[in-house]
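With the hints in hand, could you dock these two chains into one complex?
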Amino acid sequence: RVAITAGNIDNGYFEGLVRGFRSGILRRTDYHNLVECETIDDLKLHLQGTDYGPLLANDPAPIIVQTIDERLKERLVHEFTHIRNQCFQPLALFLDYMTYGYMIDNIILLITGTLRNRPIAELLPRCHPLGQFEELSTISIAQTPAELFNCVMVDTPLAPFFSECVSDENDLDEMNIEILRNKLYKAYLEDFYSFCEKLGGVTAEVMCPILAFEADRRAITITINSFRTDLLKDDIENLFPKCGRLYPEGLKFLKNAEDKDEVRRILERYGNYGHLFAGVGDGPNDKTLEDRFFEEEVKLCMLAFEQQFHFGVFYAFVKLKEQENRNIVWIAECIAQKNKAKIESYIPIF
Amino acid sequence: MGSGDKINVFPSRMNLTAMKTRLKGAQKGHSLLKKKSDALTLKFRATLKKIIDNKTVMGNVMKAVYFSLAEAAYSAGDISQTVIQNADKAQNKIKFTKDNVAGVQLTNFTMHSEGGDVYQLTGLGRGGTTVTKCKETAQKALNLLVELASLQTSFITLDEAIKVTNRRVNGIEYVIIPRLENTIAYVIEELDERDREEFYRLKKVQDKKKEMKAKKEKLLEELAGREAIKNADAPMNILETEHDPDIMF
Chain A
144 RVAITAGNID NGYFEGLVRG FRSGILRRTD YHNLVECETI DDLKLHLQGT
194 DYGPLLANDP APIIVQTIDE RLKERLVHEF THIRNQCFQP LALFLDYMTY
244 GYMIDNIILL ITGTLRNRPI AELLPRCHPL GQFEELSTIS IAQTPAELFN
294 CVMVDTPLAP FFSECVSDEN DLDEMNIEIL RNKLYKAYLE DFYSFCEKLG
344 GVTAEVMCPI LAFEADRRAI TITINSFRTD LLKDDIENLF PKCGRLYPEG
394 LKFLKNAEDK DEVRRILERY GNYGHLFAGV GDGPNDKTLE DRFFEEEVKL
444 CMLAFEQQFH FGVFYAFVKL KEQENRNIVW IAECIAQKNK AKIESYIPIF
Chain B
3 MGSGDKINVF PSRMNLTAMK TRLKGAQKGH SLLKKKSDAL TLKFRATLKK
53 IIDNKTVMGN VMKAVYFSLA EAAYSAGDIS QTVIQNADKA QNKIKFTKDN
103 VAGVQLTNFT MHSEGGDVYQ LTGLGRGGTT VTKCKETAQK ALNLLVELAS
153 LQTSFITLDE AIKVTNRRVN GIEYVIIPRL ENTIAYVIEE LDERDREEFY
203 RLKKVQDKKK EMKAKKEKLL EELAGREAIK NADAPMNILE TEHDPDIMF
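The listed protein sequences derive, respectively, from chains A and B.
In our numbering, each number is its position in the first sequence, counted from 1, plus 143.
In our numbering, each number is its position in the second sequence, counted from 1, plus 2.
Misleading hints may appear alongside valid ones.
Said to hold, decoys possible - Rough simulated footprint, nothing fancy, chain B against chain A, three-plus residues with beta-carbon under 8 Å:
#1 261-269
#2 367-376
#3 473-484
As the list claims (entries may be wrong) - Pairs of lysine to aspartate or glutamate, EDC-like flavour, derived with a Cα cap of 20 Å:
#4 B:Lys97 to B:Glu149
#5 B:Lys135 to A:Asp429
#6 B:Lys135 to A:Asp402
#7 B:Lys65 to A:Glu340
#8 A:Lys462 to B:Glu149
#9 B:Lys65 to A:Asp402
#10 B:Lys135 to A:Asp434
FYI, nobody ran anything at the bench for these hints, they're computed from the structure.
Note that the structure is a prediction, hence the values are computed from the model and not measured.
Heads up, the beta-carbon is just placed ideally off N, CA and C, and yes, glycines get one too.
Bound conformation, chain B alone (with noise of 0.2 Å):
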């Protein structure tokens, strides 16, 4: 890679147009991918604010969670094997929807409850309100687990595509349009050489027939000063002429 880098095109009027089309191709290409890289940094840095948001309530929700489990231990006894034993068909479930920002697809996770609920009657008979308050702090965790989940999957979809993306940006911008435009000015420089070329040789041509010319004219003078005794009028006779100059256009 360097400022001579170019492509080799045979350097002709039709592929200097073709290459100008290309440079403009190439720049237009690169504003866009520009404005791409910016709306996707932008949809990025949100993306991080809310995942810090989201990881600081966090710490204390998860912290709530295990505190109302021991509170729960306390007064209902152990729960645990009701509830793991009790477990059967899933209450919470995920559906995944994509969303278009600039063209990349980010996966959301939406969370939805399905069914009654089975633990209704757990701890009725012993310690059913920190039982109950056990429930809803940890449905709160998942909601904000859910949550962080699509963030962050959604972070580092956006990290790949912003990769990407400023990658092919550099690369049109410090390879491909300076290719072009080497190449172009070569082209330029190869046609106007051309130009001159043809231009020397045609001045060339002409100097050398103004020359033939002017040597032609000094004969005839010559010749017709000689023939002027002789006959002047008698037209030329071919069989008697020795000397025949040439006719010259």
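Next comes chain A alone, as it looks inside the complex (with noise of 0.2 Å):
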């Protein structure tokens, strides 16, 4: 339980320089003016009169989208280790968890790698930066996943997760890779839901649900994207992350649904989801269901930051700014295509 006043001694300096950054996310002012601009320099022009600066300053001209890509996750990890670097437990440790995550990628990256005999050298660059760990290069060493659980997992914070998806080594071997990034990440979501509990007040009033919303949120999004797929039904169900609103009987009933209107008809009588599927359709003025998880991704984050002196504040940043680099990267994307017929798909977030 963190009190008001105690809270404030450990994180208020964090709390604060996040509310600053906060307060830099872009305006749908600033929005408009960049869906304006005809071609990249103008948008690098405007985006200097934001927040950002002097974000691509050393490029030189012509800039192609990767490098703004580059530059803002850059930014984005400067910023979070910034922070981390700095905090006390138990922020430290709420904010490692955030970057479970990435690891989880990375870690999926280098066993594919490794399997097709890819250098380590060449893969290594190629990780998520909030991903890294001491462990990652040392990966080299395994042939077979098996192995690489045994030697190099055992150390990191990743361990409980592996050992909550296989049961027998073996399996690891055989497992496709794809499964086992989902099962991982179903282990991760569980894990970090029950830490959020576990440190109660604001911060699992705010997180909970945030949490919560994107278990179901992967449920839901297996459960879509398998219809085209030869999984097994039980297979798709060990996916399926239980801390979110939509276990257990929600669940049961999407492993067995067989296409997109059977799923819409179960949200709506489980887990008050009917209204994601407001404006969603396959014709070209539709939004898609991902869109509208965005959305409400990005309505959950906003409202942490109405509650102070909670941990959520720092998650709901990262997701807002990665929502934020996603929005320009595609305005910027449309731009350099000349094709800005969906340009305004981008999640405005003020």
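Dropping the structure here:
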């Protein structure tokens, strides 16, 4: 239980910092200006007037969209590590939990690369910087995923997730890499959820709905995406995180669903997710379900900032910044490819 | 090269017939080659039209591919690393087949997919629909590209073949046939001239013989006149006669 005043002693500086970062997020007018740009150079000019300032100042023209993506990511990583390096427990542990998701992605990337005999030096720069941990570079010594677990993973914070996924280490070898990724992520989400619950107080109040939504979102996405694959229903059920609102009945129905309409009906009954399908369709002017998920996430994150003295603001900040990066890169791509038909598909935050 | 260009042959009748046969052969060859050239040009134009259609569609398809890639990146995050690292054996393979058009071998590429979809589960947890869409658009683009490659290779092969054939056609039409015709004309001329010479000689010899005959008659008449006074029925005595005219055939 973190009392209001006690919390401020340890975390007040960081919360202030994060709120400062948050106010630098682009407004609707900024987005309007960006959308109106005809070239990437215009975009760069407009970005210079915002909180991003000299983001692209050192890059020679002509700037490609990939550079913008890289610089935005660098900036986010920089802000995050600045906070992470200076903060106390338990905030430090909370921030670590946030990085586990990226760690999972990095590990999966390295495993795939190693299985295909790519040199480790080639793979390391492609890892997400927020998901770095010491044992990352030692992954190359493992030839199979089973060895990987025994030698490397056992010492990392991800060890409990691995042991939850696989009962027998030989399973690891046969499992499809994507299945492994989703299983790890499920274990991670559930663990994160129980951690937030244990923290209690406002943090639990704010984080648990966000994580519950994330869990349900994953379940729904996996269901819909598995329609076109050969996955067995039981395998799919193993990928659903249990910390969402749909657990347990909604998940049972979801796993047996055969098409999108059935999913929609299930969601209208369980978990109050019916509103997600408003405006969703396959036509050119309709939003996709993914877009609605992003919108919902943004909404929940914005709500996090309404309360003070809790850790949820850090999580919300990173998620919002990521969404903003996605928005800017999307707008930049539309401009660069001269295809402004769907340029308005970004999710406005403010 | 000029109208006087001809092959140097000995002007004889046998050579004349040989030349005439050769001319006929050249003319037949010329018409066959012309037919080949026409067939090739027809196929060439058809291929050109197909290439233009393909490229117009291609422009739009490529744009769509890049856009769907951007959409996939938006929803699913950066999938490029997953895709690259998972690339193992080729899923799409190309087969060569050869078509024969008027004697020209044209290569044709056909694509077929092998093996299951390695990327079936990519984006399972996030952004799967956009990844699938991107896969489909890219597959369409790949089909178009393979088609375009076939068309372009046949275009180039046809172009070469047409150039060669046309060169041959023109060569025959403007060099070989005139040369043969000139040769034939020359041989005929020579033969005619020889005939005329022969005729003239014969005529000349005949005239000469006539003259000689006339002279001999005159002589005989003179001699007969003188001898009539002497012994007309005495046979000619070689020993006595001094003048012994030659016997003429």
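Hint check:
1. Proximity of the region 261-269 of chain A to chain B, defined as three or more residues with a beta carbon under 8 Å from a beta carbon of that chain, is established by the 3 residues found.
2. Counting residues of the region 367-376 of chain A whose C-beta sits closer than 8 Å to any C-beta of chain B gives 7, which meets the bar of three, so the coverage hint holds.
3. Here's how the region 473-484 of chain A fares: 5 of its residues keep a CB closer than 8 Å to some CB of chain B, so the rule of at least three is met and the hint holds.
4. Taking the CA atoms of B:Lys97 and B:Glu149, the gap is near 12 Å; set against the 20 Å cutoff, the hint holds.
5. Between B:Lys135 and A:Asp429, the direct Cα distance comes to roughly 16 Å. Compliance with the 20 Å bound is thereby established for this hinted pair.
6. Taking the CA atoms of B:Lys135 and A:Asp402, the gap is about 17 Å. The hint holds against a cut of 20 Å.
7. A hinted pair counts as satisfied when its Cα atoms are at most 20 Å apart, and B:Lys65 with A:Glu340 does not qualify at roughly 48 Å.
8. At most 20 Å may separate the alpha-carbon atoms for a hinted pair to count; A:Lys462 and B:Glu149 exceed this at roughly 44 Å.
9. The suggested pairing of B:Lys65 with A:Asp402 is violated, with an alpha-carbon distance near 30 Å, which exceeds 20 Å.
10. Distance check on the hinted pair: B:Lys135 and A:Asp434 sit about 15 Å apart at the alpha-carbon level, within 20 Å; holds.
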